[in-house]
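A.B. asks: Could you put the whole structure together from the sequences, leaning on the hints where they help?
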Amino acid sequence: MIDSQQASAALNDINDVVHRVRQSRIYQNASLIIVMWGALVFVGYLANYTWPPQGYTIWAVVDLIGIAGSIAIAAFSGIGPGAGAYALRLLVAFLLFIAFGIFCSAVLGHFGPRQMLVFWPLFTMLFYALAGLWFGYAFIVIALCSSALIVTAYFYAGPALLLWMAVVHGGALILGGLWMRRI
Amino acid sequence: MAELDEIIHQPLRLRIMAALHALPASTGLEFARLKKLTGATDGNLGAHIETLARAGYVAVDKAFVGKKPQTTVTATAAGRGAFARHVATLQEIIAGKQP
Chain G
1 MIDSQQASAA LNDINDVVHR VRQSRIYQNA SLIIVMWGAL VFVGYLANYT
51 WPPQGYTIWA VVDLIGIAGS IAIAAFSGIG PGAGAYALRL LVAFLLFIAF
101 GIFCSAVLGH FGPRQMLVFW PLFTMLFYAL AGLWFGYAFI VIALCSSALI
151 VTAYFYAGPA LLLWMAVVHG GALILGGLWM RRI
Chain L
1 MAELDEIIHQ PLRLRIMAAL HALPASTGLE FARLKKLTGA TDGNLGAHIE
51 TLARAGYVAV DKAFVGKKPQ TTVTATAAGR GAFARHVATL QEIIAGKQP
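Chains as they are written, first to last, in the numbering used here: chain G, 1 to 183; chain L, 1 to 99.
Rather than coming from a laboratory, the hints here were simulated on the basis of the structure.
Just so you know, not all the hints are guaranteed correct.
Unchecked claim - Sample of chain G residues lacking proximity to chain L, with all beta carbon distances greater than 12 Å (derived):
| # | residue |
| --- | --- |
| 1 | Ala9 |
| 2 | Ala10 |
| 3 | Asp16 |
| 4 | Ala39 |
| 5 | Leu46 |
| 6 | Trp51 |
| 7 | Gly66 |
| 8 | Gly101 |
| 9 | Ile102 |
| 10 | Leu122 |
| 11 | Phe127 |
| 12 | Phe135 |
| 13 | Trp179 |
As the list claims (entries may be wrong) - The following label-pair restraints were derived from C-beta to C-beta distances:
| # | chain 1 | residue 1 | chain 2 | residue 2 | range |
| --- | --- | --- | --- | --- | --- |
| 14 | L | Asn44 | G | Ser8 | 21 to 27 Å |
| 15 | L | Thr41 | G | Arg114 | 50 to 56 Å |
| 16 | L | Glu30 | G | Ile65 | 28 to 34 Å |
| 17 | L | Glu30 | G | Pro53 | 45 to 51 Å |
| 18 | L | Glu3 | G | Ala99 | 54 to 60 Å |
| 19 | L | Ala77 | G | Thr57 | 49 to 55 Å |
| 20 | G | Ala68 | L | Thr41 | 28 to 34 Å |
| 21 | L | Ala77 | G | Ala60 | 32 to 38 Å |
| 22 | L | Ala77 | G | Cys145 | 42 to 48 Å |
Where is the CB? At the ideal position from N, CA and C, for every residue including glycine.
C.D. replies: Spelled out as structure tokens, the structure:
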């Protein structure tokens with residue numbers, strides 16, 4: 001038989017492993033969503049560069065596919081009976097995020113196309129950073145690296161901003177998502 | 001008086017069972033991920049998984065994904081029950097209900 005100190009140490013060990021498993025599952029599911037968004041925005045920037053007048057349509061399509069894909073991944077993530085509620089919360093979060101973003105950029109701010117191009121990715125990265133405070137440092141690393149690259153692009157990319165954004169925003173999300181899977 | 005499960009009580013086997021028990025039923029963990037989560041070495045992990053499998057606490061599924069072999073370990077219903085009882089016993093010891 002063991003004493004209460006040894007029993008307490010064993011329970012602490014169990015709690016540590018359970019915490020690691022939960023963290024790992026969050027990273028596995030989130031990384032799929034992040035890589036998918038990375039690929040989508042990469043294509044979106046290239047399409048926007050190729051057909052500039054179609055910008056709003058292109059980004060509306062990218063967002064719709066991304067939101068539907070994120071919800072599908074959340075719903076079929078294998079997190080158990082709570083998957084449906086998780087997917088619903090994700091949909092509400094996306095709707096609030098978009099509504100607030102539109103209000104800031106179009107109603108309060110009247111941003112031009114160049115500002116719009118960097119506002120949405122930076123706004124997204126803010127949420128990644130906030131998510132990182134609860135779900136793990138990987139989200140914060142991805143948010144900080146992407147944000148730094150996006151701000152650099154805004155000031156220095158000139159007319160090649162869309163191409164630069166395809167690489168630094170889309171590329172950072174894809175690489176960040178793949179890195180997250182390996183942690 | 002409940003007894004500690006001697007098979008589960010070994011520290012690495014306790015970590016393995018804790019990791020598998022944290023997943024939804026019938027969801028398993030790939031060997032490499034389990035190794036990372038428990039901090040075990042290849043040989044060590046393999047030996048302890050075998051002990052747990054012999055006791056009927058885990059099921060081991062070996063398959064090929066492309067050309068790479070992949071081993072997935074899943075807690076059985078018996079393993080989940082034994083782990084839950086083991087944790088309850090640990091809690092009783094801490095609460096002073098057991099000597």
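A.B. asks: Just pull the numbers of the violated hints for me, sorted ascending.
C.D. replies: 1, 2, 3, 20 and 21
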